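> All chains, full assembly: derive it from the sequences and hints.
Number of protein chains: 2
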Amino acid sequence: MNAGIIIIGDEILIGQVVDINSSWISREMNKIGFRTETVITVGDDGKSISDAIDRCLDVADVVFMTGGLGPTKDDITKKVICEKFGTELVLNEAVLANVAEMLGRRGIALTENNRGQALVPATATVINNAVGTAPGIMMERTTSRPFDFPSTNAQGATQGAALGNKLLFSMPGVPFEMRYLMEHEIIPLIKKHYNLKPVFHKTLLLTGIAESILAEKISDWEDSLAENLKLAYLPAYSSIRLRLSVYQPDDTTESYINAKVEELKRIVPENIIAYEDIKLEELVGKLLKDKLCTVATAESCTGGKVASLITSVSGSSEYYKGSVVSYCNEVKADVLGVSRADLEKYGAVSSTVAEQMASGVRRLLKTDYSVATTGIAGPTGGSDEKPVGTVWIAVATPTKVVSRKYVFGKDRSINIERFAASALSMLIVEMEKEC
Amino acid sequence: MNAGIIIIGDEILIGQVVDINSSWISREMNKIGFRTETVITVGDDGKSISDAIDRCLDVADVVFMTGGLGPTKDDITKKVICEKFGTELVLNEAVLANVAEMLGRRGIALTENNRGQALVPATATVINNAVGTAPGIMMERTTSRPFDFPSTNAQGATQGAALGNKLLFSMPGVPFEMRYLMEHEIIPLIKKHYNLKPVFHKTLLLTGIAESILAEKISDWEDSLAENLKLAYLPAYSSIRLRLSVYQPDDTTESYINAKVEELKRIVPENIIAYEDIKLEELVGKLLKDKLCTVATAESCTGGKVASLITSVSGSSEYYKGSVVSYCNEVKADVLGVSRADLEKYGAVSSTVAEQMASGVRRLLKTDYSVATTGIAGPTGGSDEKPVGTVWIAVATPTKVVSRKYVFGKDRSINIERFAASALSMLIVEMEKEC
Numbered sequence: 021m022n023a024g025i026i027i028i029g030d031e032i033l034i035g036q037v038v039d040i041n042s043s044w045i046s047r048e049m050n051k052i053g054f055r056t057e058t059v060i061t062v063g064d065d066g067k068s069i070s071d072a073i074d075r076c077l078d079v080a081d082v083v084f085m086t087g088g089l090g091p092t093k094d095d096i097t098k099k100v101i102c103e104k105f106g107t108e109l110v111l112n113e114a115v116l117a118n119v120a121e122m123l124g125r126r127g128i129a130l131t132e133n134n135r136g137q138a139l140v141p142a143t144a145t146v147i148n149n150a151v152g153t154a155p156g157i158m159m160e161r162t163t164s165r166p167f168d169f170p171s172t173n174a175q176g177a178t179q180g181a182a183l184g185n186k187l188l189f190s191m192p193g194v195p196f197e198m199r200y201l202m203e204h205e206i207i208p209l210i211k212k213h214y215n216l217k218p219v220f221h222k223t224l225l226l227t228g229i230a231e232s233i234l235a236e237k238i239s240d241w242e243d244s245l246a247e248n249l250k251l252a253y254l255p256a257y258s259s260i261r262l263r264l265s266v267y268q269p270d271d272t273t274e275s276y277i278n279a280k281v282e283e284l285k286r287i288v289p290e291n292i293i294a295y296e297d298i299k300l301e302e303l304v305g306k307l308l309k310d311k312l313c314t315v316a317t318a319e320s321c322t323g324g325k326v327a328s329l330i331t332s333v334s335g336s337s338e339y340y341k342g343s344v345v346s347y348c349n350e351v352k353a354d355v356l357g358v359s360r361a362d363l364e365k366y367g368a369v370s371s372t373v374a375e376q377m378a379s380g381v382r383r384l385l386k387t388d389y390s391v392a393t394t395g396i397a398g399p400t401g402g403s404d405e406k407p408v409g410t411v412w413i414a415v416a417t418p419t420k421v422v423s424r425k426y427v428f429g430k431d432r433s434i435n436i437e438r439f440a441a442s443a444l445s446m447l448i449v450e451m452e453k454e455c
Numbered sequence: 021m022n023a024g025i026i027i028i029g030d031e032i033l034i035g036q037v038v039d040i041n042s043s044w045i046s047r048e049m050n051k052i053g054f055r056t057e058t059v060i061t062v063g064d065d066g067k068s069i070s071d072a073i074d075r076c077l078d079v080a081d082v083v084f085m086t087g088g089l090g091p092t093k094d095d096i097t098k099k100v101i102c103e104k105f106g107t108e109l110v111l112n113e114a115v116l117a118n119v120a121e122m123l124g125r126r127g128i129a130l131t132e133n134n135r136g137q138a139l140v141p142a143t144a145t146v147i148n149n150a151v152g153t154a155p156g157i158m159m160e161r162t163t164s165r166p167f168d169f170p171s172t173n174a175q176g177a178t179q180g181a182a183l184g185n186k187l188l189f190s191m192p193g194v195p196f197e198m199r200y201l202m203e204h205e206i207i208p209l210i211k212k213h214y215n216l217k218p219v220f221h222k223t224l225l226l227t228g229i230a231e232s233i234l235a236e237k238i239s240d241w242e243d244s245l246a247e248n249l250k251l252a253y254l255p256a257y258s259s260i261r262l263r264l265s266v267y268q269p270d271d272t273t274e275s276y277i278n279a280k281v282e283e284l285k286r287i288v289p290e291n292i293i294a295y296e297d298i299k300l301e302e303l304v305g306k307l308l309k310d311k312l313c314t315v316a317t318a319e320s321c322t323g324g325k326v327a328s329l330i331t332s333v334s335g336s337s338e339y340y341k342g343s344v345v346s347y348c349n350e351v352k353a354d355v356l357g358v359s360r361a362d363l364e365k366y367g368a369v370s371s372t373v374a375e376q377m378a379s380g381v382r383r384l385l386k387t388d389y390s391v392a393t394t395g396i397a398g399p400t401g402g403s404d405e406k407p408v409g410t411v412w413i414a415v416a417t418p419t420k421v422v423s424r425k426y427v428f429g430k431d432r433s434i435n436i437e438r439f440a441a442s443a444l445s446m447l448i449v450e451m452e453k454e455c
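Quick mapping for you: the protein sequence lines, in order, are chains A and B. FYI, in my numbering the residues of the first sequence are 21 to 455. FYI, in my numbering the residues of the second sequence are 21 to 455.
Wrong hints could be hidden among the right ones.
Identical copies carry no separate label here, and so any pair may be met within one copy or between two of them.
To be verified - In the DSS-like style, the derived pairs of lysine-lysine whose C-alpha atoms are separated by at most 30 Å in a straight line are:
(1) 386 with 406
(2) 386 with 365
(3) 51 with 430
(4) 99 with 237
Honestly, the hints are just simulated from the structure, not real lab data. Here the structure is a predicted model, which means the values were calculated and not measured.
And the structure:
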């Protein structure tokens, strides 16, 4: 089954907002057996939206649209949907009541613009939005097969009427509203009516190896993979995910993939740090929870990024006690207890200072582990000896303190991401060594 | 002039990687007068890439493709380009030398996969990639008008031959490599050959007002805007940007827009915090630099996000001294000096604790200002009295400490973003009050 996604919004085409909806929808739909065929981004323009709908309905069974439903005047999505599906906008009292209630809870009065949000195509199935004012809308492409929407069917869903051939869902562009509608209403609906086997994915997380070296090392292994097994390299900052996918799995798929993974372990034994699709910060948490240990961070050049990654994981308060972001040398000395003489002698970007930061924060916050970063994110502050992109990372464990230098590129934001990911990777490698 | 963008990669369609290239390209091209007409994302699949090229060339003058050029086996973009443009892949010695040098600098040997990266379409203009191994490629759609590429023209670019009608650029998908090629090679080239007026944008940053209330308040003003002036609402966490755009500016555009902005100031005088397209964290930096003041942060629920935003700005070390991420009460008491009795009596999520955190970090890190957050990001930890989404934010200035409670939604990652943005907004409002 194929999905198509249409992202609507001038703000995206002008580059002021990054679309994070399409990747989320793709990931969630993939889990239930849909492959996204294409994502088309268009502006708040009737003709473009109309063309995108046509193109998506050509290649996809289900089309998701996000955006163009807000309370302000530049929204035209619903009008285009009416034109395409030969219907007209009508006021939906249930939606209007929801809008009034949503606003009322925040102490805001209903405006004429909000009233416009309660207008929906007459033939639409309305999907209630419990977390925002714009409703979701479902349209059916063909009317030749009757469509039986469970939540509006008085006889209950046991009749199991099939969905019409092509479905189009229009949702608000606000990411959490879209996700709420998908999770609570749309995905359960699609799951119930289509009965597809899920795609089988096995993802391995590797660190400490360049993409091209990995590709060369595992070239023969890759050539030996069965025809229906698709391999993808997903390089990220300081790690590479290898994803093996089978789109038509059968009873033998899992054992076959496990055998292939065993072969791979013999080829790159040092580099695999996880056998699941897990983020570095999630793996840090998993290892710490297994060990019943705690961690703290001391950050200079990463400026809170490592802390932010670790605490992005729900439940991180179980093992994460905190961070000292020591963006100036004064804080490194006064709060973390780094020697002023060493700061002077070796400079802030040095093995010695990184190790003292790690030891200092471990002592101050009373944790089992700690990780510290000190480097030059750029674009300024570099020298011949320590160019922009240089970072020293130190990890303190209950038994030792280790440090390592990495040299990356010139882009500040990329450097911060790479420094932070490398800090997490190094912490993981040191923790796994102690197992 | 119109641009079209094609993003290639199964990893994007499966939702494991978020495309940040298209928004960057759109933003940069917009600055030089191009409007992105559409963005199409397709998988590593010849037919889909081919169709996307056709569709983009239909609506756009210049087409940008990113992805599908890496060193690993799943890359097929160059083959499709050859088919479409009726040419074949040939080994380019200059590219091969660049690949070898790039890898050599990192101490990595050239592999067979890397050698494949030096294959380019025979009729392509190669754009050297100084920061990675995959070259950029430029193809010309029509050969009826001669194309004169400056860097390969021995007579120099003064002859000023026009570009062919439609151009297609293929670039690596790694964001910083793509950005490097665009900034250093492709944009200068396009700028030189087309001579368009830039689009005129004026962006205002507002805070403390809901989108629908704003729309209602400025409805009459909006109706009074000239026909060629386009208004867009760009809501973000804790702020809304209002963007006024004129795609065919003339000599009167700037003064007309300035007059309209003056009118707007009279309608929502409390809410406009900046008259430029600036991020909250950049505005914090600008205000602090103007005042020659410093700031520190103390973060509980935001876990380093506020620090991370502030330090994402280049030059932030001038005014940012650091943060204490106190993810547990022990650190709030031991490091920040929050009263244990108050933690017990009022709970960590309280006005009192937020204010003591702000005062504590301001004292510890010796800064002029500070901002502190303490709240419940979720999904667990909420109660009837303090539901998930509750945050207390405190700002300490040289003259006072103020705190305010906000209540947001249930999504952890969205809450962290909103808490952090609200902290920056509140800091800005308090700093602007002291001007």
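> Look at each hint and say if it fits the structure.
Hints versus structure:
Taking the shortest Cα distances, residue 386 and residue 406 sit within 30 Å of each other only across copies (29 Å), while inside one copy they are farther apart (32 Å). Taking the closest pair of Cα atoms, residue 386 and residue 365 come within 30 Å of each other both inside a single copy (28 Å) and across two copies (25 Å). Taking the shortest Cα distances, residue 51 and residue 430 sit within 30 Å of each other only across copies (23 Å), while inside one copy they are farther apart (37 Å). Proximity of residue 99 to residue 237 under the C-alpha cut-off of 30 Å is restricted to the inter-copy arrangement: shortest distance 25 Å between copies versus 55 Å within a copy.
Violation of the numbered hints given earlier is absent; every hint is satisfied by the structure.
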